[in-house]
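Since the structure of chain A is provided, determine the placement of chain B on it from the hints.
Sequences listed follow chains A and B, in order. When you number the first sequence by the working numbering, it's gap-free, plus one each residue, and the end is 1033. When you number the second sequence by the working numbering, it's gap-free, plus one each residue, and the end is 1033.
In case anyone wonders, no lab produced these hints; they're calculated from the structure. A few of these clues could be false.
Unchecked claim - Computed spacing ranges between beta-carbons, pair by pair:
1. A:903 x B:829: 19 to 27 Å
2. A:758 x B:899: 30 to 38 Å
3. A:758 x B:903: 40 to 48 Å
4. A:1020 x B:701: 39 to 47 Å
5. A:686 x B:694: 42 to 50 Å
6. A:855 x B:836: 19 to 27 Å
7. A:686 x B:615: 47 to 55 Å
8. B:649 x A:686: 50 to 58 Å
9. B:694 x A:842: 48 to 56 Å
10. B:872 x A:758: 47 to 55 Å
11. A:1020 x B:786: 49 to 57 Å
Where is the CB? At the ideal position from N, CA and C, for every residue including glycine.
Number of protein chains: 2
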Amino acid sequence: MSTGDAVRALRGRLLWFVDDPHSAGEAAHRYLADGLLVIENGLIRAVGEAQALLPTLPADAAIVDHRPHLIMPGFIDAHLHMPQTQVIASYGAQLMEWLNRYTFVEEQKLAQQGHAEALCAFLLDELLASGTTTAAVYCSVHRRSAEAFFAESHRRNTRMIAGKVMMDRNAPEALRDTPESGYADSKALIARWHGRGRQLYAITPRFAITSSPEQMAAAQRLVAEHPDCHVQTHIDENRAEIAFARELYPQAADYAGIYEDYDLLGPRSLMGHCIHMEDREWRAFAAHGAVAVFCPTSNLFLGSGLFDWARARREGVRVAVATDIGGGTSYSMLRTLAEAYKVLQLQGQTLPAFEALHAITRGNAVALGLDHLIGSFEIGREADLVVLDPAATRAMAHRLETARDLDEQLFVLVTLGDERNVVATYVAGERVASAGQRVAAPAR
Amino acid sequence: MSTGDAVRALRGRLLWFVDDPHSAGEAAHRYLADGLLVIENGLIRAVGEAQALLPTLPADAAIVDHRPHLIMPGFIDAHLHMPQTQVIASYGAQLMEWLNRYTFVEEQKLAQQGHAEALCAFLLDELLASGTTTAAVYCSVHRRSAEAFFAESHRRNTRMIAGKVMMDRNAPEALRDTPESGYADSKALIARWHGRGRQLYAITPRFAITSSPEQMAAAQRLVAEHPDCHVQTHIDENRAEIAFARELYPQAADYAGIYEDYDLLGPRSLMGHCIHMEDREWRAFAAHGAVAVFCPTSNLFLGSGLFDWARARREGVRVAVATDIGGGTSYSMLRTLAEAYKVLQLQGQTLPAFEALHAITRGNAVALGLDHLIGSFEIGREADLVVLDPAATRAMAHRLETARDLDEQLFVLVTLGDERNVVATYVAGERVASAGQRVAAPAR
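Extracted from the complex, chain A is given alone in its bound form:
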């Protein structure tokens, strides 16, 4: 170890992935029952057995003992909507009606002074309280909403991907930009924020329904000019949505073909939902290296359908997992995994605990093309991490009494876990302060 005062070490049970357990099996994960994670300047400098590493630390290193808790890389959420934290749990509608009745109403409030700032602070509090340290975030159509999000994320030094939504039709007038303004605002945001600190920009045409061909062409120009930016959009969530999109772009081969025609289906494209995919669409995803984003709580809550992960694997398509707040119903990636498990079970597929926890750490990092930076404890990675207590609730503690091994213990965490299991969250090596998850006292 070098210079003393910047060194910090966390002791606890360490779990991370170096490969995909679906293909690599047991070799994919690393587990240390008494491990030490050494952090310097926000990066991981060493990881190993505590007994072996402790003597190598400088005398003034700060050691935080998190035993017996589990320390994992911070969770990654591949798709959510910042303006929808007050849309969660809105009743009764399927996609198109839900957008018009609830979402577009709330999104209009983002034009108000201070509202975006308040929502961004709330969202980041909630994500960090849930152990999520990176997310791909849709802001509203307003440039200021993305400004507010990046400013808040930058202040907290979180590694976030976000973009201003581009949307110039089939939405209330107050929520429409134009092909020109959508381009110019995105361009300005990219110049100001992409690569500044830990912030990354995603070019964000909401979906083909709300972008005219002219705006899709503008997005295409942005992608050509900024090939290192992500693209995020929606596809194949709902049958009515698909029919409408096809009607608007009759010349496209299919829904995926619409995005393909504008070069929006590429290796940095995060395509939300992918539930009702045609054979050619799967092949197009594979050919372009596009990412299918699975949003289980949202897909169930809106009754959209069941994502076919086994099919994605067979087709060679990368999959990311996401909450889709506010169509989704939980900020917790653990809760999201529990619902993913159910979606797969209904299709005769399954999701072992190691695969599940890989998905929301290294798996999502790979899908986002950020695995050289985050998602694991390999040396040099950014020290974003979550400290978990798998026995945080009485029901979980009781259940864990009979758990026979780590795999079973982790499966309980995946099935019953949520933000209550998060003991601490660290961003670039710093423990982030928070008032905790509860508003009310736990008494009864």
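Leaving out everything else, chain B in the frame of chain A:
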């Protein structure tokens, strides 16, 4: 009001049902924004506007002010397994494998001295902490497990329905009774516990697969001799289970026909799951007045399938809602409702908030034939109730800022709620003590 010292009054927002909101609409519920519930000797003596009732109370009446919280009748859970609190969240198998690999292993431990007592105490703690005051409970095959459950429930004065499982084949030898011992043990338990205090007995042949025709005939005798006891069993959960049951009872018209042939399909029969029902089975349920028990978290977790509530309505079959612990993944009936909503959404059906909250209170009371005793705040009913804080988590408090009316507020509670929303639970007018739901501190 009569004699002073037994009178207690709870003040808060009161919500209860006097009819089914699916048919009766707005007329089905009663809501008092500032209500008073007056309790004497464990029963509801009066309910109304606080301002009107307060002057009528005796001078020494104890008034508990729960404003601004919501007070509802205690929740009712129509199906769960006491021996499975340490089976919850067991990985990967569908029904038959899950039984053999996990459940039957844990159930054998119930033969150990003290184990049943510990599990019963845990279960009742957890149910009450979740706001559930009545449940229909499967014990293990051991007579002592039902003894332990009834003793613990009697001590707490909770209104519970339970029974010793009858199971004489297709299970490990240590878990088998015989037609004779199953009959005699059930008979003895009925004599000792049915109608004692608030305890009720359910004749409990686990399902046709684990009961020989001789044992089914023994259950039939029990039903004939004790027509006021409930019957609880399983049906049509899983395709492999159905095929196996049909093979074991080839003379039956169908799975329902097996139970019908032994008079086990009657108006007090709680039939767990009912997912893969044939046309004739629905008609048989309607003809006999049997209850279909919908267990959404279990059905999703085990990948069993989607319960068709609209069909049950069309067929005139009563529906109850249940956790099915430990196939189910939450003790909370609120969480169970959120999953019920998702199951219905996937089928193009829906579940408005009032219907959902009706289901777990008066609806389940009607299905269990206990609506003259529990499930509402009508005068003379037993004062089992739950005090709820719909804004108990930060995410819920934030979401509720934009809720426009009671309906929307309740829908948030149904969609995002769980045991964290339970501020207090009362059993027969007494606030039940508990260490609270959390083991770990909420700090982060």
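Hint check:
As the Cβ distance of residue 903 of chain A to residue 829 of chain B is approximately 25 Å, the hint placing it in 19 to 27 Å holds. Between residue 758 of chain A and residue 899 of chain B the CB atoms are about 36 Å apart, so this pair conforms to the stated range of 30 to 38 Å. At about 41 Å, the beta-carbon gap between residue 758 of chain A and residue 903 of chain B stays in the expected band of 40 to 48 Å. A hinted range of 39 to 47 Å holds for the C-beta pair residue 1020 of chain A and residue 701 of chain B, which are about 44 Å apart.
Judged by the Cβ atoms, the range 42 to 50 Å given for residue 686 of chain A and residue 694 of chain B holds: they are separated by roughly 47 Å. About 54 Å separates the C-beta atoms of residue 855 of chain A and residue 836 of chain B, a value inconsistent with the hinted range of 19 to 27 Å. Range check, residue 686 of chain A to residue 615 of chain B: Cβ separation about 22 Å, and the 47 to 55 Å hint is violated. The beta-carbon spacing between residue 649 of chain B and residue 686 of chain A, approximately 55 Å, falls within the hinted interval of 50 to 58 Å.
In this structure the hint that residue 694 of chain B and residue 842 of chain A lie 48 to 56 Å apart at CB holds, the actual value being about 53 Å. A hinted range of 47 to 55 Å holds for the C-beta pair residue 872 of chain B and residue 758 of chain A, which are about 51 Å apart. Checked against the hint of 49 to 57 Å, the pair residue 1020 of chain A and residue 786 of chain B passes, with Cβ atoms roughly 52 Å apart.
Hint check: violations occur at hints 6, 7; the rest are consistent with the structure.
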